[in-house]
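*Asks:* Chains as they are written, first to last, in the working numbering: chain A, 1 to 196; chain B, 197 to 405.
It should be emphasised that the hints constitute simulated quantities derived from the structure, not laboratory data.
Computed from a predicted structure; not experimentally measured.
Take the hints with a grain of salt, since some may be wrong.
[To be verified] Cross-link-like lysine-lysine pairs, in silico, DSS-like; alpha carbons within 30 Å at most:
#1 B:LYS258 - A:LYS56
#2 A:LYS55 - B:LYS365
#3 A:LYS182 - B:LYS365
#4 A:LYS56 - B:LYS227
#5 A:LYS169 - B:LYS258
#6 A:LYS111 - B:LYS394
#7 A:LYS111 - B:LYS357
#8 A:LYS56 - B:LYS366
#9 A:LYS56 - B:LYS365
#10 B:LYS304 - A:LYS111
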Amino acid sequence: MGSGINPQYLDYQTLVRASRLFRSDDAVPSILLPDFIEKSLFRDVQKKLKTIPWKKEVQPLLHKYRRAVVSQSLSELFSSDDFLVVLSHVIKRSVQGIRGIDVAAYRFGWKEYTLLHDTAVEEQGFDFLIDFTSHWDAAWGGAVYYADGSGDFTSLPVQENSLVVIQRKEGVQKFVKYVNHKAGDAHRIFVLGTLR
Amino acid sequence: MAIVKLEHWLEKRYCDSSPLAKLSKEFVSNKPFPHLVLPDFLQLDKVADLLEALSKEEFYEKNSDLFSLKQTNDLLGSKHRVLQEFRSLLLSESFLLLLEKITGLTLKRGVLDLQGSLYEDTDYLLCHDDQLEGRALAFIYYLSDFEEADGGSLNLFASHKGIPTNVVKKIVPRMNTLAFFKVTPLSFHEVEEVVADKQRIALGGWFHG
Numbered sequence: 001m002g003s004g005i006n007p008q009y010l011d012y013q014t015l016v017r018a019s020r021l022f023r024s025d026d027a028v029p030s031i032l033l034p035d036f037i038e039k040s041l042f043r044d045v046q047k048k049l050k051t052i053p054w055k056k057e058v059q060p061l062l063h064k065y066r067r068a069v070v071s072q073s074l075s076e077l078f079s080s081d082d083f084l085v086v087l088s089h090v091i092k093r094s095v096q097g098i099r100g101i102d103v104a105a106y107r108f109g110w111k112e113y114t115l116l117h118d119t120a121v122e123e124q125g126f127d128f129l130i131d132f133t134s135h136w137d138a139a140w141g142g143a144v145y146y147a148d149g150s151g152d153f154t155s156l157p158v159q160e161n162s163l164v165v166i167q168r169k170e171g172v173q174k175f176v177k178y179v180n181h182k183a184g185d186a187h188r189i190f191v192l193g194t195l196r
Numbered sequence: 197m198a199i200v201k202l203e204h205w206l207e208k209r210y211c212d213s214s215p216l217a218k219l220s221k222e223f224v225s226n227k228p229f230p231h232l233v234l235p236d237f238l239q240l241d242k243v244a245d246l247l248e249a250l251s252k253e254e255f256y257e258k259n260s261d262l263f264s265l266k267q268t269n270d271l272l273g274s275k276h277r278v279l280q281e282f283r284s285l286l287l288s289e290s291f292l293l294l295l296e297k298i299t300g301l302t303l304k305r306g307v308l309d310l311q312g313s314l315y316e317d318t319d320y321l322l323c324h325d326d327q328l329e330g331r332a333l334a335f336i337y338y339l340s341d342f343e344e345a346d347g348g349s350l351n352l353f354a355s356h357k358g359i360p361t362n363v364v365k366k367i368v369p370r371m372n373t374l375a376f377f378k379v380t381p382l383s384f385h386e387v388e389e390v391v392a393d394k395q396r397i398a399l400g401g402w403f404h405g
């Protein structure tokens, strides 16, 4: 049984092209790989994400969102050799150099957000994000931003079934912009992981 | 510039010394942290003048993880006479003495942060404590009338072991109301998102101590 990754990303030439797009000299190097997960698996996971138990996490100075453990099928995808090969090509690091992956699912609805804070500083590293959100309007907020500390922000697009890989250099921190009332009952759902 | 007198600006009841002890007691005992709300603060002609002058100031969009709103530069540089007079009023010895009697704080003379703020539909300012070196008393003078359902309220948080927990007090913006609170490590507050097609206009900032 395959990993569930779109076979085009298992093609060596595709990975070489992707690695060139990930510019390590940028302040916040990143790449977006559209249609990353095979359609049927994606829809299956997307459906399950609507019914799993979401745990509310609130610390007003830091964040307000819901978090959940990823499903077994997603967990298997992220721990697959195929996924590690894709990541290692993109970030130009050997598979042996990736010690592991920490991953969780996040859900943001109206009034939910994360904040930059001195007490919650992340060490430099690599993040990846897969979007499970359908029909999201950027005007509702909920975008993931990477701040480099100089006042400049890099925002990640909200694009269903896209894998985004980002390098967090020294001093770069991320936050999720407050979701405003225009979102109504809609939710932004994504899986966010960090490489160890 | 002409000398600014309290009695030319404030409603009469705020110029009398007799209610000050009561206001002071209220300020100190208000939960979740010392604060006070003074309705019908200025004489009505001054309210209209301030609103008109502020509407002519340049507002700049401010956006970050913590907020989305529009703000003027510090009004120290304003060219509008009535805004300069308002600033002089706040910095006048008689006004500072009034605030000191109510709050029990010692306020620095000659130091004031004053800006205009504008929150429109979906604008907000998330939970924070206002602590920055020197800030002693935060104030907001409202020039809009809102209902609770419109959003835009100044929400005050309770705290436990130095961490904000939940909102326990909502101050809904009402035209010509002055609200102020003591800046401390526990003065956690937010401006709730505006959810109506209305403008929440205010003059605000900090006295230093």
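*Asks:* It remains to establish, for every hint, whether it holds in the given structure.
*Replies:* Taking the hints in turn, this is what the structure says about them:
1. Among the hinted pairs, LYS258 (chain B) with LYS56 (chain A) is consistent with the structure: their alpha-carbon atoms are about 29 Å apart, no more than 30 Å.
2. Distance check on the hinted pair: LYS55 (chain A) and LYS365 (chain B) sit about 27 Å apart at the alpha-carbon level, within 30 Å; holds.
3. Simply put, LYS182 (chain A) and LYS365 (chain B) have alpha-carbon atoms about 25 Å apart, close enough for the 30 Å limit, and the pair holds.
4. Between LYS56 (chain A) and LYS227 (chain B), the direct Cα distance comes to roughly 27 Å. Compliance with the 30 Å bound is thereby established for this hinted pair.
5. A C-alpha spacing of about 25 Å is found between LYS169 (chain A) and LYS258 (chain B), which places the hinted pair at or below 30 Å, so the restraint holds.
6. Of the supplied pair hints, the one linking LYS111 (chain A) and LYS394 (chain B) holds, its CA atoms being roughly 19 Å apart against a limit of 30 Å.
7. About 24 Å separates the Cα atoms of LYS111 (chain A) and LYS357 (chain B), which keeps this hinted pair within 30 Å; it holds.
8. Only pairs whose Cα atoms come within 30 Å are accepted, and LYS56 (chain A) paired with LYS366 (chain B) is accepted, the gap being roughly 23 Å.
9. Between LYS56 (chain A) and LYS365 (chain B) the alpha-carbon distance is near 23 Å, which keeps this suggested pair within the 30 Å criterion.
10. At most 30 Å may separate the alpha-carbon atoms for a hinted pair to count; LYS304 (chain B) and LYS111 (chain A) exceed this at roughly 37 Å.
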